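Peer 1: Spelled out, the chains give:
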Amino acid sequence: MTRSSSYLEAARAGMANACLQKSLRNLQARYGQGALAAWRALPDPDLRRRVKARRMQTLAHLDRLLALLAEGIESRGGRVFFAATAAEANRYVLDLARKHGVQRVVKGKSMLSAEIGIDAVLAADGIEVVETDLGEFIVQIAASSASHIIAPCIHMDRQQIGRLFAGRLGIPYSDDPPTLTRAARQALRHKLLTADMGLTGCNLAIAETGQISLVSNEGNIRMATTLPKLHVALMGMERICATLDDHRDLLQLLTQGAALQKLSTYVSFLGGPRHPGDPDGPAAFHLVIVDNGRSRILADPEFREVLACIRCGACLNICPVYGRIGGHAYHSPYSGPIGAVVTPLLHGINRHADLCRGETLCGACREVCPVDNDLPRMLAALRHKLAYGDPGWQVRPHNRREALGFKLWRWLIGNNRRYEVVFRILRALQRPFVGPQGMIDPRAGGQDGWTGGRDLPPLAAASFRERWRTTLGKGRSRREAERRQEQDHAA
Amino acid sequence: MPPQTVTLFIQCLVDALLPEAGEAMVRVFDRLGIPLLYPHGQTCCGQPAWNSGFRREAAGAARRFIDLFEGAEAIVCPSGSCVAMVRHHYPELFRDDPAMHRRALAVARKTFEFSEYLVDVLGIADLGAVFPATVTYHDSCHLARTLGIREQPRRLLRHVREVRLVEMSNSDTCCGFGGAFSVNYPDISLALVDDKIDHILRSGAKVVVGCDAGCLLQIRGRVARRGIDIQTLHLAQVLAGEATP
Amino acid sequence: MPLRTAFLDRIRAAVRDTVDDRLSWDALLAPTDDRAIFAAQAGRTREQRMVLLGRLMEQAAPLNLQVHACATLAEAAECIAALARAGEPEFHDRKSLILHEHPLLRALPLDARPELAGIPCHWTSVDDPRGRDHTLAAFVGITVADWGIAESATLVQLTRPGRPRSTSLVPSIHIALLPLPHLVADLAEAYALIRRAPGSDSLVLISGPSKTADIEACMVLGAHGPRAVHLIVLTGPSLAAGPGFPVARTSRRGY
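From first to last, the protein sequence lines are chains A, B and C.
Position 77, counted from 1, in the first sequence is what the numbering used here calls 77; the numbers after and before it change by one each time, with no gaps.
Position 188, counted from 1, in the second sequence is what the numbering used here calls 188; the numbers after and before it change by one each time, with no gaps.
Position 54, counted from 1, in the third sequence is what the numbering used here calls 54; the numbers after and before it change by one each time, with no gaps.
For the record, the hints were derived by calculation from the structure and aren't laboratory data.
These numbers were taken from a predicted model, which means no experiment stands behind them.
Among the hints, erroneous ones may be present.
[As the list claims (entries may be wrong)] One-sided excerpt, in silico: chain B residues whose CB lies under 10 Å from chain A:
1) PHE54
2) PRO91
3) PHE94
4) ASP96
5) VAL119
6) CYS141
7) PRO186
8) VAL223
Beta carbons are placed, not taken as given, at the ideal position from N, Cα and C, and that holds for glycine.
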């Protein structure tokens, strides 16, 4: 229960952040609804289902596909490291940085890098780490954290950013986005041109051709993978497609789902270090493929499909809960509906119990997902594990009072006479709590719960079953009565 | 051919808190001459337990439901979420028990939501109802997304005399009820219902109609607390002519 | 490599329940038949390619990709010179250009342009030690796109020896030339070509100038990459297509 207050605290803070609320509202109206409209307008209505099927086939052959990818990259002089844990990945990258005398690292946006915590590891060794994606850069110098997968600083307004830049970049205060962007462009250009190492993620690798691919609009990823002498790419082990055709389909779904684009401004395909004769490009290319809990998800057929996710962010743009509480409440680089499933599976189901319980399971995320992921099903499965515990996933039963409550409930509904007696008792007991308007008095429920913010009708003076018995059900034809008798006997 | 007998499946929330909605449904069927049965043994389909992850308890409720209802010709319920429970989650509950699974599927096949039964099974859209008001319709999550029922309630509403049906924006965005969510995470639940109320107000409608008691309790409870002049009705109440705007 | 073996073994164990139902390895990687795509490309008439150009221009407009149609190399040179004169250097006080070492660019009569007087033109090469400096000093980078994609207003730029990636990235303005026959309809056609191109492991798809909307969702052009991109499509029939398509020749009608 220790995280409960953190989730709620952060959720309340998010709901109270007027700038965040306005930004999320606009984002969701435009991109969430836009993605739904885009899928409805697809010339091939079956595309998402087919793509999902290919993703599952890819996962079924993941080991061989990763081996094929590594073969391709290594044949071109690149290096591939398979990191079972975050610690292994961080150690590898740090060793590499030390070996190459790296003093400055420029980063492309990578949620995996936040997941494994590589920034802190490098910084502790005295290495300067610079986020170059504008949103991530802003969040970095503000000592905040990203609140959306695609738009990291959506929780900050232009005035805040203006003050931040005036303080940290030494420019005169301005809250004009083009001016601020130009200032960041200038400041980061120097870093990009003088960095020793580029550190990026990987959107989608291609096994058939032995490449990784990266999408961006800003150009920072292209610079980070072209100018420094060393490029390290971090890749979640599931972010791979089998063939170039698969990549073509997934790429378009990714850019549509993320920002309603036919294609992002840049799509980079990289297969290794520079070729002989290439005037630029990194001399050394390292791909770090990370497990960090993914193989455990892969091994569980109930959750395996979550690895089909291509991290487009469309689910964030449609979720009414995320749209109100913002990304910080999820306490994870992965927020929104995908975060609500993946974060508990990677980092502890009890620890992140609020993430699956604090959703309404409305199903909008399922509707908008480009790869047809059934996130509500998996959220319900997580609740199931919390209800009774699960030794396989190291889950303790989350709430004993609730468990007891449902045992009681089961007893109660197991017999209609019992049910009706208890109903009548509760109806009698509620009388002192019914206010003058005929609704349950707010003070009866306390500040939280239902009555904190809503009126509640009392238990009906005549329930439906009572009405049926006394008036509604009377005078029905004998045939009906006979049928009713048969039914009651069977019960 | 005599009409099928409809066996009434009355959601626990309707039974206890909104019996007028169930009563309205009965009156609609009576007007159509549909013979009705109501198994007294029914209590709850098990959805609350399922939603909170307590699948063993939910399975117990499901077994009871299947025992009670599987002899029926047609089972009709005034709640989308319960129908989704029976059609989609009962088979899931019994996926490791082939015999129960078969029985669950058989019951699922003949369980219908109220508006779905009228329009798709009986082929009726005009019930001769009158309701002179501007109304908007709230698409509840299970009904719209799980069951794909969006057009049927609207068709029925359009045939109501003197009604003006206006669409609100985000009609199918969750109202924030979510069962236990509404009491476990009340702040977030309130934020969502306030958004919903915003959309209702912007639509210009004075009445919001829905097909799920949970949503109706949520919206009605909040507008009452905020003192907002919006009437919240179950579709059955409008069709039975039992409500006045 | 024990770490790698353990890693992959763990995955193999995780998916052993799929062994009976999944596609075979060969089926998973079965190559697609691109012959129809190549035939469609090769069989396009010049008129049909001009229609594609129209589509490209339509799609390019909202993306701020500026498309110019030039019938001759002289017209193209004039276009480039005008852009060089009008453009302002962003990071330096002096103007200079950097161009990919490419026969098509060498064939441009740039020396004849008065607007370029006093503006040095540097050429990229395999091993010029000053190459990087020239790139950093340039405010315009000029390349030849391998292909263009009409539907998404995209340039495909393969990395080739002597033709660095940074030419289309570091200078503030990027100008790309594209012979009309290298304009294809959609991503499916482009992917077929990319698949067949030898040594195409490093490439980039460019669909306009760099941009960001990270600050309050306001779109701003020129984040880190070029803030302006110009595509000059060479439409004249006298221009050879060059090594673009794997299928040998164009239709008898000329394009």
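Peer 1: Using Cβ atoms only, decide whether PHE94(B) comes closer than 10 Å to chain A, and label the hint accordingly.
Peer 2: Nearest chain A Cβ about 15 Å off; hint violated.
Peer 1: Does PHE54(B) pass the interface hint, meaning its C-beta sits closer than 10 Å to a C-beta of chain A?
Peer 2: Holds, because the Cβ-Cβ distance from PHE54(B) to chain A comes to roughly 4 Å (cut-off 10 Å).
Peer 1: Hint validation: ASP96(B) versus chain A, beta carbon distance must be below 10 Å. Holds or violated?
Peer 2: violated, 13 Å
Peer 1: Can we keep the CYS141(B) interface hint, with Cβ of chain A closer than 10 Å?
Peer 2: holds, 4 Å
Peer 1: Does VAL223(B) hold up as a contact with chain A if the rule is Cβ-Cβ below 10 Å?
Peer 2: holds, 9 Å
Peer 1: Can we keep the PRO186(B) interface hint, with Cβ of chain A closer than 10 Å?
Peer 2: PRO186(B) check passes; min Cβ-Cβ to chain A is 5 Å, inside 10 Å.
Peer 1: Can the hint on VAL119(B) be confirmed by a CB-to-CB distance to chain A that is less than 10 Å?
Peer 2: With a closest approach of 22 Å, the VAL119(B) hint is violated.
Peer 1: Taking the closest Cβ pair, is PRO91(B) under 10 Å from chain A?
Peer 2: Status violated, d = 13 Å.
When the structure is compared with the earlier hints, violations turn up for hints 2, 3, 4 and 5 and for no others.
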